[in-house]
Amino acid sequence: MKKIVKKLVVKNPEGLHARPAGKLVRILSDTKSTVIINYKGKTVNTKSVLSLLTLGVDPGEEIEVVIEGEDAEKALKLVESVVIGGN
Amino acid sequence: MEVIKVPSQYIVYEGYCYGTLRYIKKKLEVDKNMLLDLKELKAAAERLIDKIHTKKSFNKDIMEITEIHKMILADPFLWSEIEKNAKNGKISIESLLNVRDKIIELLINTGNPLIIERQYDIKDIFNALIKEIVGEEKKELFPNDVVYVEEVYPSDIIELYKSRVGAILSKKGSHTSHAAILAMSLEIPYIYNVPELSKYDGHSVFVDAFYGKIIIDPSPDKIKEIKRIIKKYQEEKKELEQYSKLQFKDIKVMANIGFLQEIDLAKKKGADGIGLFRTEFLFLNRRSPPSEEEQFLIYKRVLESFYPNEVTIRLLDIGGDKQISYLDMPKEENPFLGVRGIRLLLKNKELLITQLKALIRASKYGNLKILIPMVTVTKDVIEVRKLLEKLRKDVNGYGEIKLGIMVEVPAVIFNIEEFIPYIDFVSIGTNDLTQYLFAADRNNVNVSSYYNDESKIVLSAINMAVNKLSKANIPVSICGELAGKAHIIEKLLEIGIRELSVAPSKIPKIKKQIAEFLDPKASSRV
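Protein chains in written order, with my numbering: chain A, 1 to 87; chain B, 88 to 613.
Hints are computed from structural coordinates only; laboratory data are not their basis.
Just to be clear, a hint being listed does not mean it is correct.
The calculated label-pair distances, taken between Cβ atoms and stated as ranges, are [unchecked claim]:
{"#": "1", "chain 1": "A", "residue 1": "E80", "chain 2": "B", "residue 2": "G583", "range": "47 to 57 Å"}
{"#": "2", "chain 1": "A", "residue 1": "V66", "chain 2": "B", "residue 2": "I303", "range": "37 to 47 Å"}
{"#": "3", "chain 1": "B", "residue 1": "D304", "chain 2": "A", "residue 2": "E80", "range": "38 to 48 Å"}
Once the Cα atoms are required to be at most 27 Å apart in a straight line, the calculated BS3-like pairs of lysine-lysine come out as [said to hold, decoys possible]:
{"#": "4", "chain 1": "A", "residue 1": "K11", "chain 2": "B", "residue 2": "K480"}
{"#": "5", "chain 1": "B", "residue 1": "K311", "chain 2": "B", "residue 2": "K332"}
{"#": "6", "chain 1": "A", "residue 1": "K47", "chain 2": "B", "residue 2": "K126"}
Each residue gets a CB set at the ideal place from its N, CA and C atoms; glycine is no exception.
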């Protein structure tokens, strides 16, 4: 079981709002790891798009991702593609 | 016959429609005390998810938005909240709506306008869920109907599109809502912030979503005129599609946009760049100013999207008519003659500095032109130029940045020579220029006869400016509504205007007009 903890700065110009949040949930749905996002004292699981939305992460903000599971590295790459990728 | 004018800033997508007004009530007519079985609720949610799943759409915007609705319907947080409010495996509709409102409150508490918008998606989903269980009375809609609702939900737009509705009017709305994105994407005329029209249910109505006019029960003469306008428009529309691809050697037709969401439409319609990117959306409807990083990412996105074409980004242009909680704005009797545009920015240097820094950083991703609004005296420009140069030294890796001014205050027209040493380009804002020249508010129907942007006086003012600026090789563009008036294009071109910036949907028609004016040898199809 791998565990990765990493701080990421959100580069997506839409922050983690509707479309990026939805994309994050969708692409992580196939992974075996759990992905948790910590932001300003709040903790959410990426299985819940609503919880992600209520985090209200603006572009330029820093989040902490905690990933646990056998495909943790793959999951991290997926998270980075949405958060940093800017799409 | 009643004529209603809606400010053009509330037009999401343009067009004409003459049909019957259908008022669709949003309020659910169900007994709040009715108990729903949790298992049935879950099954209803599954059915909805399936319905969304099987509706494979050709349109990527619809797909993205319905994907999110699917996710919300399966969201573990949603169901844990519903279960919390259930007793003995049942939940009342009132409790269900309380869960809905709690979620909406969480969204509103983020203080972020884009997330707050999502409340309509939540309302949409709960609405659909309840209708799925309770069954609904569907209002019959016919092609070319004009639908009036208090609020538009994304699924409304999809349903309305299928019914081939001619136009949508809503009391509340915004350019950044999912509904607006879909209306633009599906090209359905849509205006929001429309006054109360429910009493006109069943009446005939003409919607002019170009100008922002609604005519209820038009007179027989008006009807003849309307039918002519629409026929002409429909014939043109088909023909116009091909003109978006046109590119001229020396003339640019660019887009005026105010939201990132409009980028796709601007590209689809063939914009030769962005002649005006309004930044007000970044600053309004929030509790604190946008950070430098947030602004940088947005400016970078626009610049990249249109590279190598130029993108003109206008500094924050607002005044006392708008409320900004984090700015100290004095109460003014005449906000349009008060502290606005650059005047406001120079009194709020921190804000100006942050915006300039974000722009400087973004400049290396495209061809940036910075536009200063409401310039009156040269000091306005000199101060910004000094600040820009100082900040450029602090920021790494910047590209070329051009600095220019909006010409809208009449004083500038008479004194344009003095500005020449400090500017790289000019954009004439004919809307405000006309207002100030004739001392008439263009949104005030009581003085509409005085506001005339086609008057020879306005053209003469433009001519004065162009004469002096062209001698100094300073490019001039027109970004007001006048640039979108096809019948005036010839006059503007004759004056020497070579750059026009208009709402995206107007680009094909303007390009056609230019092509007809020019010698065919001067245009080339790309």
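Of all the hints given earlier, name the ones this structure violates by number, lowest first.
Failing hints, ascending: 2, 3 and 5.
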